[in-house]
Every structure is written in C-alpha cells, then in structure tokens.
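Given chain A's structure and the hints, the job is docking chain B onto it.
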Amino acid sequence: MTFSETIMLERIKTELGPRVIRGLLRSGFAMESAKGAAKWSYRRENRAFGLWLDFLFDTMKRGFRKERPVVWISAFTPSEIPHAFDLEPILPEVIASLAAHIGVSEHTISIAEQNLYSMDLCSFYRCGAGLALGGYLPKPDLIISTSHLCDGAHRFFHNMSQLFGCDHYLIDLPYENGGRAHTYVIDELNDLADFIGKRTGRHLDDERAAGVLELSNRTRGIMLEINELRRGVPSPLSGSEGMSYVLGMNFSTLGSQLGLAFFRALHGVIQERVNRVEGIIEEERYRLLWLHHIRPYYPNIIFDILGGLGAVVSFEEANHIYWEPMDPRHPLEGLASKMLSNFGCGPIEHRVEAILEMARKYRVNGAIHFSHWGCRQSCGGSYMIRDVMKERGIPTLVLDGDGADIRNYSEGQTRTRLEAFIEMLG
Amino acid sequence: MGGVSRRSRGAEFIRKVATFSRIEGLLKDPIGILKNAHKPIMGWLCCYTPLEIILAAGIAPHRIIPEATSDMADSYLHSNFCPYIRSSLGKATKGDLDFMEGLVLVNSCDGLRRLYDAWRLYAKTPHVYLVDLPRVSTDVAVGHFRETLIRFKGQLEEGFGVSIFEGDIEEAISLSNRGRRLFKELYNLRKAHKLSISGSQVLDLVKGDMVLPKDHYLGLLQKLVGELRDGAVPRTNLPRVMITGSLLEDPGIADLVEKAGGEVACDDLCTGSRYFWECIEQDDDPILALSRHYLSKIPCARMMDSNRRLDHVMDLVVDFEVHGVICYTLKFCDTFLYDIPLLKKRLDDQGIPSLFLDSDYTPGTMGRLKTRIEAFLEMLREHV
Chain A
1 MTFSETIMLE
11 RIKTELGPRV
21 IRGLLRSGFA
31 MESAKGAAKW
41 SYRRENRAFG
51 LWLDFLFDTM
61 KRGFRKERPV
71 VWISAFTPSE
81 IPHAFDLEPI
91 LPEVIASLAA
101 HIGVSEHTIS
111 IAEQNLYSMD
121 LCSFYRCGAG
131 LALGGYLPKP
141 DLIISTSHLC
151 DGAHRFFHNM
161 SQLFGCDHYL
171 IDLPYENGGR
181 AHTYVIDELN
191 DLADFIGKRT
201 GRHLDDERAA
211 GVLELSNRTR
221 GIMLEINELR
231 RGVPSPLSGS
241 EGMSYVLGMN
251 FSTLGSQLGL
261 AFFRALHGVI
271 QERVNRVEGI
281 IEEERYRLLW
291 LHHIRPYYPN
301 IIFDILGGLG
311 AVVSFEEANH
321 IYWEPMDPRH
331 PLEGLASKML
341 SNFGCGPIEH
351 RVEAILEMAR
361 KYRVNGAIHF
371 SHWGCRQSCG
381 GSYMIRDVMK
391 ERGIPTLVLD
401 GDGADIRNYS
411 EGQTRTRLEA
421 FIEMLG
Chain B
1001 MGGVSRRSRG
1011 AEFIRKVATF
1021 SRIEGLLKDP
1031 IGILKNAHKP
1041 IMGWLCCYTP
1051 LEIILAAGIA
1061 PHRIIPEATS
1071 DMADSYLHSN
1081 FCPYIRSSLG
1091 KATKGDLDFM
1101 EGLVLVNSCD
1111 GLRRLYDAWR
1121 LYAKTPHVYL
1131 VDLPRVSTDV
1141 AVGHFRETLI
1151 RFKGQLEEGF
1161 GVSIFEGDIE
1171 EAISLSNRGR
1181 RLFKELYNLR
1191 KAHKLSISGS
1201 QVLDLVKGDM
1211 VLPKDHYLGL
1221 LQKLVGELRD
1231 GAVPRTNLPR
1241 VMITGSLLED
1251 PGIADLVEKA
1261 GGEVACDDLC
1271 TGSRYFWECI
1281 EQDDDPILAL
1291 SRHYLSKIPC
1301 ARMMDSNRRL
1311 DHVMDLVVDF
1321 EVHGVICYTL
1331 KFCDTFLYDI
1341 PLLKKRLDDQ
1351 GIPSLFLDSD
1361 YTPGTMGRLK
1371 TRIEAFLEML
1381 REHV
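Protein sequences, first through last, are from chains A and B.
For the first sequence, the positions run 1 to 426 when this note's numbering is used.
For the second sequence, the positions run 1001 to 1384 when this note's numbering is used.
No lab work stands behind these hints: they were computed from the structure.
Worth double-checking, as some hints may not be accurate.
Chain A stretches covered by chain B per the calculated footprint, using a threshold of three residues with CB under 8 Å from any CB of chain B [unchecked claim]:
#: 1; stretch: 37 to 50
#: 2; stretch: 168 to 174
#: 3; stretch: 365 to 374
The calculated DSSO-like cross-link candidates involving lysine-lysine, where the alpha carbons are at most 30 Å apart (straight line), are [claimed, not checked]:
#: 4; chain 1: B; residue 1: K1331; chain 2: B; residue 2: K1028
#: 5; chain 1: A; residue 1: K139; chain 2: B; residue 2: K1344
#: 6; chain 1: A; residue 1: K139; chain 2: A; residue 2: K198
#: 7; chain 1: B; residue 1: K1028; chain 2: B; residue 2: K1039
#: 8; chain 1: B; residue 1: K1028; chain 2: B; residue 2: K1223
#: 9; chain 1: B; residue 1: K1035; chain 2: A; residue 2: K390
#: 10; chain 1: B; residue 1: K1259; chain 2: B; residue 2: K1028
#: 11; chain 1: B; residue 1: K1191; chain 2: B; residue 2: K1039
#: 12; chain 1: B; residue 1: K1035; chain 2: B; residue 2: K1124
#: 13; chain 1: A; residue 1: K390; chain 2: B; residue 2: K1345
#: 14; chain 1: A; residue 1: K139; chain 2: A; residue 2: K39
#: 15; chain 1: A; residue 1: K198; chain 2: B; residue 2: K1331
#: 16; chain 1: B; residue 1: K1039; chain 2: B; residue 2: K1223
#: 17; chain 1: B; residue 1: K1094; chain 2: B; residue 2: K1039
#: 18; chain 1: A; residue 1: K139; chain 2: B; residue 2: K1094
All values derive from a computational prediction rather than experimental measurement.
For each residue, glycine too, the CB sits at the ideal point set by N, CA and C.
Next comes chain A alone, as it looks inside the complex (with noise of 0.2 Å):
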C-alpha cells in the first residue's frame, strides 16, 4: 500500500463512521468533493487511475441519483449489456473489493453474518450482501448475473433481488462451448433482451448495439498490446495493480467511451515504463504468474514480500483475453460467443491449457495460485492445476487467504510460505 493510501484508509476508519459514508454516497455534491479529494490524495498515481476514480464515483453518483435505470450485474455478465441498453451497471463484487481496500469490509462483512450468510461463503459476496443491507449501494432496478462461473453469484444476486424486490434475469451458461450451446445462449439473450425492454422501456437498438460492440473490440485491440507490453522484462505493471483497478475497468467499462479512454490511458503509461526499461521493483530476479481472478484486497503486504525477495507478479490470469473480437452485426452472437469462451467454463484442461500458455508467454518462473476461502470453483482446481504445473516444470504454490476478509489472512504463515517458495526458485 502507497503512503497516500495509508492516509486516506485511516482518515476513513478514524473521521468517517459508517453513517457518515452512508450519507457522503447519496449526497451529490458530497460525491463531488469525496471525488476531488480522493483525486487530490491519489494525485501521485498514473492517469488510467485517476479516469477509474472518475468512473468509481461519477457511477455511483448517478447510480444514487437513479439518472438512469440501475442494473447491477454480475463481474463475468458482459458489461456490453447494460452499455447497449443505456442502462447504469454497479458491480458488487468490484465494489466489494474497494471495501475491503478502504477497510470498510469488515463492518460489511459483520452486518452479512447477522443477517445470516455463512462465514464459509465468498467474502466478496457476504461483503456485498453487507454493503446492500447496510444501503451502501443505489438499488438495482433489475439484475442481471451469469452462471459462470461460480454458483455463489448467481445465488448472491437472487438473494439480492429478494431484498430489492426486484427482477433478476440469469444467463444460463451451458457448462462448455459445442453442440447446441451457442444458439441456447443466443436464445436467452433474445429473452433478456425483452426482459430488459419490459422493465425499464429501453430496447435493443441495432445501431447503439453496434457501437459498443465496436468499441469493446477497440477496447480489446488496446487490451491485447498492453498484454505485449507486459511481456518485457522488467515488467511494467504489477500484478497488484492488474487485480485492483485494472481488472475492474476490465469488467464494468468495455463498450463504453470511458473503457476505451481508461485502456488507451494505460497502454501510455505502460509504453512509457517499457521505454524508459522501468520494472516494478528494482532488481527482477524472479517473473511470476499469479493464479485467480483476485487477491487480498485489505492492507496485506505479499506483494512487498514478493518484491523484497526480487519477484514480481508479471501477469494475472484475470487480465489474459481469451474472447475473438465480436462482429458488431451479430451482437447477441458475439456476446454469448465471449461469454462461452471463457477459460473458467468446461473441464479443468481448459483452464490449465490457457495458463501454460501464459506461463509460457510471460517467461515465469512460477506461479502463485492464491485459494481465496470461499471460492469453490478456483479452489477445487489448485491442487490439480499445482500437480500439471509441476509435471511441466513450474513450481506452483497454493497460498490460501481470503481476497476480502482479513480474518483469514496471516501475515506471518503468508510471509514464510513465500519466502519458502521463492528460496525454491533458487
């Protein structure tokens, strides 16, 4: 965590109560100056970030303000959706990852376990659970969540829309791509789309449906060259920050202006990294790959471990483009295509052949598969993906935590299982 955070997380813990968040976030004006202030705090940071705080709160401004219908939406429903409907997108889960970053996720987390969601689900659902019953968060109009590719989203967003009162639309992913998958997912988006167009009045329009899909397709071009860029060595973006901000611009912007602008903003400052040969820390020993769409989000400092010990998170699974770009005539096609390529859908072989791959494109040494408590589908793997890794010669190491809950993290097993496999590295 950079010195500006540290201040900020404890000016928020210590002068904002919850309350006092709860009114900053409804209030306008207060969103404004929560903005210009947290601009101003995080002054030092590149400009892709400063466009996700633009992002962060102008969303949740006009989400609290209701300027347009509200949709929240699961992290692995194609943001394309709601961008083509004209709808207003809040992502629980990216929201709360930030929780847990500005500490809050604690009092959250606490408010779920009164209400009854078990200590042994997904933190990032019970934190979102706790932000919704607290009233951190606008009210959705409707929800719309996919099935993949874990059972606790889609059972998360129904229980929300029981909460709100509202309609929840679930995209039914078949288990893998072939046969007659593809038309059955096209066939549920054609149904969604009416679902959409009955509940708030907004329909799919051909031409605006086109334009997001070109620009999720530019967006993704942008996406593809910075995943060139952080082949080299040093490496020019931290896994850290590829889990934070990067992968929730990733998830809730493309097909839209602001997705292109935020990834043209950091394909710049990572071209300018890699011109200037700057790596994250100082001297690169080691190149890792970092296994699982998340990481401890709540103060932690694994990845100052890492960097004391010479390694750095070269690339994260979370950000590898596994989707062709989509033909812009044929959205509902080309979405349901994006959402069955998906590396996490189908047999484990899926997963393992994508990260060989990336293992092999980033010249890692080893990688680090981080079992979030909670998370079934991931976790389920890490042994298996650990055993094939091995066989391939990469060392793996399965580091258990939690990306939200702090209750489950060590610092001191976390520090002396990495150093024990960093050493092994040699």
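Just chain B now, kept in the frame of chain A:
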C-alpha cells in the same frame, strides 16, 4: 417427554415384519448384492442424475453413500470443499469403488464440476461422464437438456457397447415411477399419522432404492408398503421435526432427532423426498419427458428458482403438521447456505422454530450436533 417414540414402536413392528428385516439385511452389503446382479455398475452422486437412461442401458446405478471415510482426498481437493465430494474421491483413490465400471456426475454445483476433473485425474474408474444441467426450466432449457440427455445416451451406448431404444427408456421410466409412487405412499401414510416406522427408517428405505438393484428392491418395497398399510398407529405427542437441506450422511441426524425424543415427520432432502417426490410424466418422446421432469421437479438450491423449493418446504410444514424445522447442510455447500437467510425469514414469519446445522464429517461433529438437537427438541417440547 410423553408418549412412546415412533422409533421404539418401529422396532417392535420390524420384529413382526420379515420384509423390513430382509431389506435391512440387504442394506448391510449393497455392493455384494449389486455384484450378484451381474450388470455393470455405474456410480452417481446427485439426484439430478438421469437414472432412467442408465437403467435403460442395462447398467445398475449405485449412489455413492455420503459418509465419513478415513481418506478425505486431502491431497487432491482443497479442505474448503464439500465433505461428500471429498469422501467420495477418497474412497475412489483408495480403491474402495473399484467395483464401479462408470461414474456419472452432473454439472449441478462447483463441487461436482471439480470432482469430475479430479476423478479423471486421480481415480481409475474406466468411464466418467458429466451431464450438463441447466439452472432454469424454460422451454429453451428443456430443449437444451434433451439434447444433453441424447448425448449422454450415445456416450453410454458407445462406452458400454449397448443399444438403448425408446422402449427401454419408457420401461425404465415405468420402473422408476413405480418406486416414486411407493415412496409417496409411505410419506402420505406419515402425513396421515398411519405409518408405524420412524422417519429415519423411511430414509433407510429411500437409500435402498439408491444403492440396490432397482427391480429386485422395488418388489420387496411393494410388499413392505402393503404390510405397512395396515400398521395404523395412534398419534404421538412428540415434537414433529422436518429436516431440510442438502443430504444426510450415513448415519444421519434423523437418528439423533429420534434418540433425542423427536419425530422426523418429513424431509426435503436429496437423500429423501427430493429423490422421488414427483412421478415422471410419460410422453411420446421419453427423453423429452425426462428433460421436463428433471428441470421441473422440486428444485435443489442450485436451481435459479429457489423460491419454489422454499414454497415446497413451507407447504410440507403445514401438510405434515411440523413443530420445528432443522436446516442441515454440508459444510461449504454454497447453494444451500445462500438459502438460509431466505428460509429463516419465511419460518420466522410463520412462527416456526428453526435450527441451522452443518457438518464436515470430522470426528466430533456428531457430538456437537447431538447437543444442539437435544436443546432444540427441549425447546420444541414447550410448544407441543
């Protein structure tokens, strides 16, 4: 505590009914009985498994029993994983399931998806299949699932060198429905307070249908149900408990409830009523009939419309005159864990006391559960 427990009267009854004793005997060695049937054996775990297609292939389906084992596959699956899944893989890697020529899993939860991966990597079962299962029951989903079932039929035909004809599936559906009707009759006898065996004994009978050769077992069950029809007994004044949740391990908490002086009035469990509650409606296209049936049956918490399950639970509470509900889930069973806040609210709104329990099959779990169940029944007795 007043009255004589259904359990003790059940024990007395069993002494008189030879059929029940015979079934109990069979349940002591279901694998031995299966082997004597000289058919290939196919293991299964989830009650969305289309057993009728397996039966139509001339294969004997056998549910892997949920129970604690000495090997919980800790080297292969993370510890924050469903204990049923870990124990099943543990048995397989230890060689305890080598009698199975095949295994069919359903894409019903994250756990089973990963089990499909781990089983292929670490166990030796020759044929391992995964049947994809939609989470919604729309017409489009029914059509999609029908295609999936046709593919599964083809896989069985290829893997086991058999041909499955429509008539075979129709026959299997008839056989399956025969069991469903018999179990429903047993539950209706319970509802009418006319069943002289206990809830845990009924669950044992359901288990029999899951683990033994079906055609042989149903003959015995039919005989037993006939004998039980005449076993009308007076009502007890014991607290009537419903158990809802994922599935009960063997031995399960139904036994604990009865030992603590309660009566298991009914259940909503994968190892209980959800296995058989509705009959399969026949259709000219038997695979379409199966597709419709499995997507519209009383849902597991993994389905999109979990409200339908909760409606069903609340209906059972009324129909079976339940005093209290025990919600029992396996630890790390996310889909059922998400139902808890919703179920609790519904039960509270109706003034039905509830107890929420989980288990991870670790030693000492049953002791912990026993204490909590005893306290719950103590509280319920004040309401009866």
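Against the structure, the hints come out as follows:
1. 37 to 50: violated (count 0)
2. 168 to 174: n = 3 at 8 Å, threshold three: holds.
3. 365 to 374: It holds: at least three residues are needed, and the stretch 365 to 374 of chain A offers 3 whose Cβ sits within less than 8 Å of chain B.
4. K1331(B) x K1028(B): Holds. K1331(B) to K1028(B) sits at ~27 Å (cutoff 30 Å).
5. K139(A) x K1344(B): holds (23 Å)
6. K139(A) x K198(A): Given that 30 Å is the threshold and the Cα spacing comes to 18 Å, the pair holds.
7. K1028(B) x K1039(B): holds (20 Å)
8. K1028(B) x K1223(B): With a Cα-Cα distance of about 20 Å, the restraint between K1028(B) and K1223(B) holds, given a limit of 30 Å.
9. K1035(B) x K390(A): violated (39 Å)
10. K1259(B) x K1028(B): Given that 30 Å is the threshold and the Cα spacing comes to 21 Å, the pair holds.
11. K1191(B) x K1039(B): violated (37 Å)
12. K1035(B) x K1124(B): At roughly 18 Å apart (the allowed maximum being 30 Å), K1124(B) and K1035(B) satisfy the hint.
13. K390(A) x K1345(B): Distance of about 48 Å is beyond 30 Å: violated.
14. K139(A) x K39(A): holds (26 Å)
15. K198(A) x K1331(B): violated (40 Å)
16. K1039(B) x K1223(B): Holds. K1039(B) to K1223(B) sits at ~25 Å (cutoff 30 Å).
17. K1094(B) x K1039(B): Holds, at about 23 Å.
18. K139(A) x K1094(B): violated (51 Å)
Against the hints set out earlier in the document, violations occur for numbers 1, 9, 11, 13, 15, 18.
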